[in-house]
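Protein sequence lines, in the order shown, are assigned to chains A and B. For the first sequence, the working numbering begins at 3 and goes up steadily by one. For the second sequence, the working numbering begins at 175 and goes up steadily by one.
Quick caveat, the hints were computed from the structure, so don't treat them as lab data. One or more hints might be untrue.
Only pairs whose alpha carbons sit at most 35 angstroms apart, straight line, appear in this in silico DSBU-like list of lysine-lysine [what the hints assert, rightly or not]: (1) A:K162 x A:K133; (2) A:K162 x B:K453; (3) A:K162 x A:K56; (4) B:K700 x A:K162; (5) A:K162 x B:K683; (6) A:K39 x B:K522; (7) A:K162 x A:K39; (8) A:K166 x B:K683; (9) B:K328 x A:K166; (10) A:K133 x B:K683; (11) A:K39 x B:K672; (12) A:K39 x B:K453; (13) A:K56 x A:K166.
Bear in mind that the values here come from a model prediction, so they are computed numbers and not experimental data.
Take a look at the letters that make up each chain.
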Amino acid sequence: MDLSDYRIDSEPYYRPLADEVSLFEAAYAERLPMMLKGPTGCGKTRFIEYMAWKLGRPLVTVACHEDMTGADLVGRFLLDADGTRWHDGPLTLAVRHGAICYLDEIVEARQDTTVLVHPLTDERRVLPIDKLNELVHAHDDFQLVISYNPGYQSVLKDLKESTKQRFGAVDFDYPPAEVEAEIVAHETGLERNRAELLVHIAERSRQLRGHGLDEGASTRSLIYAGRLMAHGTSLEAACRTALVVPLTDDPDLREALSSAIAACV
Amino acid sequence: MTGSGASVARLNVQGDYLPDTSDPAWERGRKLFVGEAGGRWLATFRQLADAGCLHGALIGYLYRSIEIGHHLGPEGGLALGQTGAVVAKAAGGRSAAALFEVAPRVARLLDRAEPFQNWLDVVADIAALAPESVVPLADHAEGLMAELDVPGFKAWAFTGIRAAGRDPVARFEFFSNADPRARGLRTREGGELAFIDIERPLQFYQGLLWGDHSPLRALSGQAGQGGRRATFDETGIRLPEAFPGVTGARAFDLYKAVVAHAGAHRAFTRVRFPVRRLKPLQVALVSLIEDARVEALAMRRFPGLRRLWLPFHVAETGDDLTAPGLMARLARALIDPEFDDRSAWVQKGRAMFQEREADWHDPEVSRTIGMLLGNDLGQMRVQFNPRTYVVEPPYRDDNAGLWYQDQEPEESEQAEMTEGAASTAANDPEPAEEPDPAPPQSETMPVRPNPRDSDPDAGAGPTALYPEWDYVIGRTHADWTTVVERLPGRGRADEVQKALERNAVAVRKLSGLLSGLRVGRPTRLKRQPEGDRFDLDAVIDARIDLAAGVTPDHRLYARSERRERDISTLVLLDTSQSTADIVPGLGYSVLRVEREAVAILGRAMEDAGDPFAVHAFCSNGRSAVDVTTVKRFEAPFDRLALSRLAGLKPGLSTRMGAAMRHGGRLLQRRASHRRLLLVVTDGEPSDVDVADPRYLIEDARHAVQELAGAGVDTFCVGLDTDGGRTLRRIFGRRNAVSIDRVARLPDRLASIYLRLTQ
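Chain B on its own, in the form it takes in the complex:
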């Protein structure tokens, strides 16, 4: 690629390749990189060009090396170039350009030459191991380096690379921060505890305290006062991903305090308050009293919660007269009997609250006291800015779940105060599962191609060619069908997650059964010709026979056999147009039922440790058989997989044979004792470019036989198909099952799998 860029021009007698030599930057550069350093600087351009950098990257280096040189000295600028060359060789010129773009900002954050050099070294290592990920890494580098020091950054990056296995797609997603584990790991490297690290014990804690099994989720978007406070509504509690600056055990206590407090609201704040004409300050104060009220009720049931909440109230008495300060002191006074405050207003608040102890069960108490106290503060001319107000202490929620907007707000202030309430109450019962992954600075970055676009020109995945059987001529057509591997789109995993929760008990039972089978319970075989111990009953019978003069049976032994469970399964889901049909009686589509069934089965298989993969297929003629990978064998069946499952869309046709051959090829590579291809379809094979209905049926049948010859078992679960006979023809009488009521698929799929794999 050297010298082929449009405006890379040879300049001087040394033959260096320098772009745009008329650019005034050169002057600045020559002043900065003097003497020997100057020579090395000029030589860097050639190295970069040789390594594959084009004009854009070279210009980028020109500007950024000068910027860094001014900040950290010429060596910094040179070091950037060296690393740029390494990166360009490993990952291409565009990756080097991305590195140059972000480097000055990182240099500003790191502020010294040595850590900057260390950072460059880590980037070079990453480029070697994960070349596809340099661009997303650069996109997020500023945010990363704002949170992590260089050793932390290195640890985070390498953990992500290792966790992704050898899978470039997973690595890319990790560095794009799309993978929540990336964020979680990131905060952990920063020393903080992330919500996802302790989500599971918190979920149990919520169940234990409040009998509430609604799922805990992370905040998304701007909810929770910019992600700093938890929020709750009728569907459950959402928590911040991390509390900055809070580490270790204290962080865990903080999260528990959040769950205890928000759970108390869900238990005791039964009905939302209408905002009416309340001013923001009054809204804040009513919320504060309500916080104290539900906590008081909770502490009657769980006295230990006082010890959990109290340490977070750190407000001290003083003379400051700002609303947030006074409110924090009031909050403390209401929970801490030992706390004395100078302010008459705080004392009044506490007295009013205590007086109404007998009425604490009634939410009206909070409105009354809160409004009075709000009036007082108004008369005291205390300033209150609802835009910047954040509820204190940090374990308390943002109070959006307490209110609803019942009329047009009069003042813009009021709108802001209850903005959270209005959006939560009215507009957004089910916000998107995945938070927006792009940090703000990406607005200034050039747009990079999104590998998740389904536009084929944007680069769908690899393709493979497969033969197809022509029953008329009795021969296969070689290289006849093209299977295109598509990267999955993402959907909202909520609905699938809910199905899992609804069926949680069944999932658990199923995985318990599967693990029981896996471990291989010993089964006793009796009356064996050989074994390691006597079968007592057989021995006695033999002795009796001898006494009776009859020849005894020689099978006198018993032994135990452990059945090892060693099976890999690939679930192949039909997502053709017919799966968009609505199931009568359920009100939603066949595809959604299929999704739920696969989610349940998948969760159980995951828990039990059975390796499995999930593909979805549809086709549009023989050269466009799309196979979407929902889950690979090596990947875990986690939220990401669920969101891919949720993102499946119905459409096109059912060229089953090609999809089966493709799945079969993947299964053949598995080293397990048994390999199973489990097909879930709602109809017979068919496609737009095939007129003869029998052709693809016969091809699918042939594919089953090919796979059997290669050691892959197949089984088909047909949904509500008239072609139950057809499926039996394709798969064999005993290897196809028709489920007459689609709604029963989730139950049946799991027990079918169980019976198949015993």
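Bound conformation, chain A alone:
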């Protein structure tokens, strides 16, 4: 099976913050299952894309959601004219052919689905497919990576302790101001001082984390705003579209955010 569709051809831009790159290289060398923890839009997915490119491996990404069943991960029989035909799911694909499998926002999936990955995190690295009566041994190059947003923990939705403990973890967070400004400037083409202003605004919004907002503005939304501004949109309009309106529906919060943005300018 040719996984060339999943290969990353050109270098994705990723600005390292600490030693996460070398850490992940070491983890991959040992094929350790890894967890990327951090708020939304701070670079987790971009990081894994970068690492996949750097290590020369194909990357199979699965966006997890509440309705995801085991079959969505592992595979299912499909019906065609001749009868039934087995179709590998994305996880099985990666396991058989040695790709990195990235389960994004894994906490969204139901816990009975999530535990399917447990056998892959053991020493034996196997994936039982009971419908085929097959025990798939992972390819030597296979690695499992998950992303996890700690802010969305709840009584009802959290990773089981037995799942969490099977992974090594790297923390991600919004970068320090100068670095974030550098990233924004690079991704948008904006002048450095305007990028810094956007970062200043994002930092204000992050003050309300836990006090009205679940998350402040993410780096990604700053980049959206910056790209609008690079096209000539005013700062106020760009921030409204990319930051204020997506972040909250609450009119009082929107009012306060707009006033705070005005104060920054």
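Knowing the structure of chain A, use the given hints to seat chain B on it.
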């Protein structure tokens, strides 16, 4: 009631009822109300008497009708009487008397007959809809009509009546002005923006700019230079309820400017200045420079704040040499580079400030410059009256938060100047939550009974009788216990509010969860015998089975089910004497922990839209089971509810069965799918007039069964009880939970509720 008043005497052949006919007022009246009007005037007394007015009201009408007649003409006096009769019929003679008392002052304010008549008509309407509220309305009428015109008054009153629903207690509180919404609505009808209208966006704004989440509150008492200016201290910022004369968007900008400025102080004025021997003028000037310094630092971080603050500096240059005038001009000169002032002193001040730009991070700059400038003004013999000085522009605070009194003041002037500082710094870290609601003129009003008195003779609420189960004879005693509904006292909501803030994140998560459940996320049911779509996995398995020659399973369908959340909950809190015990390790009482837990749960339920009520109970024998309503189902869980929660006091005993039956009766009337009675107690049922410990336990158990039969579920959260077994006996093994560490109640109560109601 006609003719039964002590000194209402029949007089003349027409049979009119006229009080105290020897009173000289009659002469004045006869001169004023002449001819046909005179006849109508005399007839009014009879109408009033027929409507239930006694001597006091009739005398009141005698005097006040004459007063108004002189001011607005005889028709005005007659109109008063007509309305008085309507009011007396609807709301009783005392209400009419209260109306008469206040009418002349209102007449003076309105100054013309027509608006006065309109006002009387509105009062008559209010008397019909809210008879209990005429007396408080009259008490506050003068203040109201000073602020509102008659249509505004009508709008305000009707809004309040509607907002209170059908609840006379809520209406009464609205018109007593005890409800802050009343004040807020009032200023809104006057066109102004009230603090409580925009409190929420301002709170967010403070968080965004300064990362400061301390709660913003309204001023109380005389703080803030008589309520005209904001003030701040270590606990947070307090703002005026409204800025008179400032409306709409400009008012909102003004409030934002207040928060930005006071927040800048809290960020950059780290340490208070000692007053020492500074004269009031110097104190004022040091404060002014400090204002400019923190604003300058703030504008470095937030350049846009200049655009927010500048429009409020309206001082113009001139020749006047009063201190306030010069100071306002100096303030403007320091923030506005385009402003040129003639005065050498202002120019000097600006030059000194600009020169020290490199030192703006150091508060010492303000002291140095301020004292020098103060000396200058002293030498210029500029007059300064600290008693009347108000900081300008209006967005700036009263500077009380900058100073502390470190020695006895030498002059009385100095004491006044720093009076605000001393009280804020030393004596009053947590002032009362509710400002004094009585306006000054109530001193002259007769004292009216306060329904919030817990004195039973003053009229506690309604009572109800309930049966009690006697396990020994195996029968209920009918009408055995008396439950008295008590109106709640008020406490300081601060402490409960703080608990909510400490747990804000948890509250938000919980209400998010509750609302998620409420909306009814669809759950997927698979392998169903019927449904609206195929379960693909099941179909494939069936096909495989067919191919293998095995009979396939017929459950091939999937469907989604939305779970609707439709549940009413009544939280019943034990406030018996044992809840006064101090929780080891926490240092405060069990009751306080219960309060915080209920506050958190209540806030989350409120946010999520689950209807709920909160009662507190204690008992002193079977004829005195007190149930205090902290929150009714229809009422919002707002500051008022929090202050009632805070006002709960521990005492007496725990006759649980009666309180549960009472709560259960209320729940039975709810139209929801599920009804839950959630009992929070720290012990077993017991009471002073019951010797047998088992008796009330068995009664409570029987009450649970009665309620279950009536469709009300019960659940008990026991705190640190040895009687965990007892509670399980009463409520059922699965319907009681014991929390071993009382301190964990706030966390646990919420998650217990969540699990119960999924």
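Against which earlier hints does the structure fall short, listed by number upward? 2, 6, 9, 10 and 12
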